[in-house]
Amino acid sequence: MLALYDGVRSSLPVRGHVLYVATAPNPTDAQAMRFMAQEALVPLVMVDDVTAADAAVTGPAASPTIDTSMVNAGLTLVAVAPGGVRVYRR
Amino acid sequence: MTAFRITAALLPIAAAWCWLRRHEVGTLPERVALAFGLGVALSSCAFFAARWSGLGPRAYMLLEPIVAIAIGLVAVRQSSPAASAPRPDRQRDAGHIAVVAATALMVMALLAMVILLRNTLAHPNGAWDAWMIWNTRGAFLAEPSGAWLDGFDAALAHPDYPLLVPGSVARGWVWVGTRAWWVPASLSVGFTIATAVLLVASVWRRQGAALASASMALLVAPEFLSQGTAQLADVPLAFYAVAAVLLLHDAPVSTVRTVLAGVLCGCAAWTKNEGLVLAVALPAITVLLVFVRRGRAVAADAAADLVIGAGPLLVLLTMFKLMLVPPNDVVSGVLAPGALRYWADTARVQFVLREMGGGLLAWGGWPVQGMTFVLLVVTALGARAPLWRVRPRMSSAAVLLGVQLAVFFAVYVMTPQSVAWHVQTSWPRLITQVWPTMVWWACAALAPDSPLIRPACHLSSGVSDLDQRTPMHPEGDLQETP
Numbered sequence: 001m002l003a004l005y006d007g008v009r010s011s012l013p014v015r016g017h018v019l020y021v022a023t024a025p026n027p028t029d030a031q032a033m034r035f036m037a038q039e040a041l042v043p044l045v046m047v048d049d050v051t052a053a054d055a056a057v058t059g060p061a062a063s064p065t066i067d068t069s070m071v072n073a074g075l076t077l078v079a080v081a082p083g084g085v086r087v088y089r090r
Numbered sequence: 001m002t003a004f005r006i007t008a009a010l011l012p013i014a015a016a017w018c019w020l021r022r023h024e025v026g027t028l029p030e031r032v033a034l035a036f037g038l039g040v041a042l043s044s045c046a047f048f049a050a051r052w053s054g055l056g057p058r059a060y061m062l063l064e065p066i067v068a069i070a071i072g073l074v075a076v077r078q079s080s081p082a083a084s085a086p087r088p089d090r091q092r093d094a095g096h097i098a099v100v101a102a103t104a105l106m107v108m109a110l111l112a113m114v115i116l117l118r119n120t121l122a123h124p125n126g127a128w129d130a131w132m133i134w135n136t137r138g139a140f141l142a143e144p145s146g147a148w149l150d151g152f153d154a155a156l157a158h159p160d161y162p163l164l165v166p167g168s169v170a171r172g173w174v175w176v177g178t179r180a181w182w183v184p185a186s187l188s189v190g191f192t193i194a195t196a197v198l199l200v201a202s203v204w205r206r207q208g209a210a211l212a213s214a215s216m217a218l219l220v221a222p223e224f225l226s227q228g229t230a231q232l233a234d235v236p237l238a239f240y241a242v243a244a245v246l247l248l249h250d251a252p253v254s255t256v257r258t259v260l261a262g263v264l265c266g267c268a269a270w271t272k273n274e275g276l277v278l279a280v281a282l283p284a285i286t287v288l289l290v291f292v293r294r295g296r297a298v299a300a301d302a303a304a305d306l307v308i309g310a311g312p313l314l315v316l317l318t319m320f321k322l323m324l325v326p327p328n329d330v331v332s333g334v335l336a337p338g339a340l341r342y343w344a345d346t347a348r349v350q351f352v353l354r355e356m357g358g359g360l361l362a363w364g365g366w367p368v369q370g371m372t373f374v375l376l377v378v379t380a381l382g383a384r385a386p387l388w389r390v391r392p393r394m395s396s397a398a399v400l401l402g403v404q405l406a407v408f409f410a411v412y413v414m415t416p417q418s419v420a421w422h423v424q425t426s427w428p429r430l431i432t433q434v435w436p437t438m439v440w441w442a443c444a445a446l447a448p449d450s451p452l453i454r455p456a457c458h459l460s461s462g463v464s465d466l467d468q469r470t471p472m473h474p475e476g477d478l479q480e481t482p
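Note that the protein sequences, when read in sequence, are chains A and B. Residue 28 in my numbering is what sits at position 28 of the first sequence, and the numbering runs on without skipping anything. Residue 179 in my numbering is what sits at position 179 of the second sequence, and the numbering runs on without skipping anything.
Mixed in with the good hints, there may be bad ones.
Claimed, not checked - Pairwise CB distance ranges (calculated):
no.	chain 1	residue 1	chain 2	residue 2	range
1	A	Thr28	B	Asp345	26 to 34 Å
2	B	Ala410	A	Asp48	28 to 36 Å
3	B	Trp181	A	Pro13	21 to 29 Å
4	A	Thr28	B	Leu322	33 to 41 Å
5	A	Pro27	B	Ser186	28 to 36 Å
6	B	Ala109	A	Thr28	34 to 42 Å
7	B	Ala157	A	Asn26	30 to 38 Å
8	A	Asp48	B	Leu110	24 to 32 Å
Claimed, not checked - Not everything, but these chain A residues come out facing chain B in the computed CB check (under 10 Å):
no.	residue
9	Ser11
10	Arg15
11	His17
12	Leu44
In short, the hints are calculated from the structure, not lab data. Bear in mind the structure is a predicted one, so any value in this text is a computation, not a measurement. Glycine included, C-beta positions come from ideal geometry on N, C-alpha and C.
The following block holds chain B by itself, in its conformation from the complex (with noise of 0.2 Å):
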């Protein structure tokens, strides 16, 4: 019975990966990777809005293999030949590097593996935010009962916080019919999976099995890995941050990845606060280069097509925002009046900024050397070319970067909290947000001309991003450039 219920519960993830590959979207280790993003963000849109709507779960249990079923059977119905066939695939690798680099990625994926598995064991409740915050809020989520809504009492902390998580361990422990510790331990470590399988078959799809590689020693840092099992929602957000910008930096672009990356925009904002950085600024960053690049059709275009994708769950979490919770603290502090007058103690912002700075190189968790130190040996190993040639294309990514750490350190000064508290409690876990982005950015934007890449197939080469929008396909989205 349970394994029939688990089964089931699984549906929302399997209807999405049948309309991703429809849709040709990525290859098949991505495709399964942003199916489960997928499938476990919209399961819990979609329970949550029914719970708010006065669907009880055990109605919604009946609904929702239905529609799932029927999503995935409309798009296998859907599906071409060709949308079937396989993706060409790119060798850019010498042979035995080529296997050098998946032999010692199997090993590190082993190892991770193993460790994710330890680290779950020792901490099944994973850490202290997963019991004061999300998994909490799962359980008030899961109350069959109307007391559901008192998951959002200002006595609680954080009432207003985003509900992916807290929805789909809901979801799980309403499929399971029990509060079983192993509901959010799963997501926990399937978005630390899917995170490192999407970013790793991504890197191997455009850079090899070398950057391959080295982009999983690189984000399998111990720090990851422990925040990867913490049961939080810093990983979630992460796995949506650099799904949104692989897809609006897969060339050539299509109108499906791109509504594809404002849906997975959306997502991170229903996943934390701090995704609603990123709900706005790519979108924003991406139509602002396209319109310098390719004018203002084409920006419109590309503009409507995230607005489409991110539009519902942007719409769904405003209206929880408004309607149902308290406002957030640190927002409110961040736009009081008075909060402009911290950009005047110069001590302070020379503390977030020492804050900050120390604690990105200290990141990681390596007992030798931090993250700088691991950077710089994949740069080397990967670009004796020079470092600065980087594609045009991968600027959006890095503007988003930045623009992310620039309001963190913005919200840093302008804390209503102990700016030393906040600080340090926070920022290690900020930088696991952006850091699967960071590491996609440096494997796939730093070295794109290193002798250990051999260019075999020019599928994309030269093609840019959104500013080099192709023609539709009558059949699908999918069209080679010359």
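Chain A extracted, bound-state conformation (with noise of 0.2 Å):
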């Protein structure tokens, strides 16, 4: 899960506030999945608020529709990993 986020390390800014874009039905695994982002990508900190982030990444096996609310809060599709894991940035 942790080497998940190893191939998007490029495609996002080395520091900063990031959003995390739930993948996982399931409230509790959407939570822990976060988490695991979280410690995978450190020293980026991941939130919840898009207007506070400067880019955005998602859980695993992301559906290409989150592409287009992403769109809509300014961000742009940059990076799209083999587990499934999108990227964008504004």
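Since each chain comes alone in its own frame, lean on the hints to assemble the complex.
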């Protein structure tokens, strides 16, 4: 799980706040994956508020339909990792 | 190269061992366990202090071995021939009982090791809180750039939590050069083993093999072993708690042991917020009891020793809390003006009492019975003499446990969180924090006059703890009591 985010590091800023977009249907699993992503992407700080974020990263196996809401929030898709993790930046 | 780095990372533990040996603290196994705890805690503090003062991780790696080796060399050079001599052992059990008990102890230790290994391999990243809080903060602390300070961002989980575990994990990762999963896993298992070694060795020294074996049986409850591989801060806190308690109860008492107990209280506070309760309560109880029994002068000495020991760590913790991190949510809620109104809610108070009582009885993870059942068996094994004949010198440990449980109860009643969620998610871990101290107290205090125990040496028999402070020996701190 931690290794899932190795491939997206280069697409993200080196420091700052990043929106985490949950993909797991179960809230407990979503929470667990969020914290896993947080540990994997240190020193970035995962936040829930899109306006406070310079970039966004999803959980694994993210649906491409998320792209639309990200575009509406001013974020553009920049990478999709092998595990289905999608990365967006302003 | 990795072996060299691991060896270098262990130097603070070796330095602590040299220092403990120089001051003849405990028997060999106790000394090894204490050295592990002290080395980990103090190097974690030093690592954080170095980072906060602007020193990078690599610069710290150059300095730490030099300081550790220097401390070790000074301790070795100051060691007197008497200090390196083994302490007199007390053979308290009849021969056949000792053999059976020692065999049982070895079997239990082996089984516990297998379970620890199995748990670790099944959950190499530990429990939920390990990646939510402790290891994530460790990853921030290991970050070479200035971004390490982002680890205290309010958006992260519990940024105010003390840094012993994250600091140690970060230090390990910096030494190894990668975020290896086995660093926090080894640390977690290390504290579990150190707790068992310290507890069992202390009980063996005081009460003999039979009760040492019983203490092992009690300690290695499935729940404790599970927490012991969870990579959380509860077992480390349990280690510092029982270590401080047993050092303060060792007779004859010396300045070195009292200062060391103070240091361990400070380590407890540096491990987890609950450790602050111990860091305040244990010295306060100890000084109060000494004052009542021995008067102001001896109490003032004890207070000074404890403050000297705990002070530096508590100052660092206070600076960290006041200058670097947002306030703790639970503490802020408990101290809020309206929190006292919860005491008028009898349903809430009864709920907390019921949950804590039920949780205490059910804790342990045994398939059939809980903790009380096991405690009953052990006390029955050890105490054909009346159970209530607790040595007076054990009273501070009992009072400490009472104070800790009372504080937990008060916090639960006044918590700003959902009370059911708060109790149910944290109470088993809080029991883990006090469990080794409870076991030690049960085995070292509840059964002092068992027919299974055959007193053969009176090194400390009849001697109270700090209330029987003996004069300092000119060349060391040990002085046998007649």
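**OP:** Hint says 33 to 41 Å; check whether the CB-CB distance for Thr28/A and Leu322/B agrees.
**Re:** holds, 35 Å
Original post:
For the pair Asp48/A and Leu110/B, does the Cβ-Cβ distance stay inside 24 to 32 Å?
Top reply: violated, 47 Å
Original post:
Going by Cβ atoms only, is Leu44/A closer than 10 Å to chain B?
Top reply: holds, 8 Å
Subject >> Status of the given 21 to 29 Å range, CB of Pro13/A versus CB of Trp181/B >> reply: holds, 26 Å
Subject >> Ala157/B versus Asn26/A beta-carbon gap, inside 30 to 38 Å or not >> reply: Violated, at about 19 Å.
**OP:** Please test the hint of 28 to 36 Å on the beta carbon pair from Pro27/A and Ser186/B.
**Re:** Distance hint for Pro27/A, Ser186/B holds at roughly 33 Å.
Subject >> Restraint satisfaction for Arg15/A [CB to CB of chain B, less than 10 Å] >> reply: holds, 5 Å
**OP:** Take a look at whether the Cβ-Cβ distance between Thr28/A and Asp345/B falls inside 26 to 34 Å.
**Re:** holds, 29 Å
**OP:** Starting from the range 28 to 36 Å, see whether the pair Ala410/B and Asp48/A falls in it by beta-carbon distance.
**Re:** holds, 32 Å
Original post:
Regarding the hint that Ser11/A lies at the interface with chain B, is the smallest CB-CB distance below 10 Å?
Top reply: Check failed: Cβ of Ser11/A comes no nearer than 17 Å to chain B, outside 10 Å.
Original post:
Regarding Ala109/B and Thr28/A, is the given constraint of 34 to 42 Å on their beta-carbon distance met?
Top reply: At roughly 36 Å between Cβ atoms, Thr28/A and Ala109/B fall inside 34 to 42 Å, so the hint holds.
Subject >> Restraint satisfaction for His17/A [CB to CB of chain B, less than 10 Å] >> reply: Holds. Min distance 7 Å.
Violated hints, listed in ascending order, are 7, 8 and 9; each of the other numbered hints is respected by the structure.
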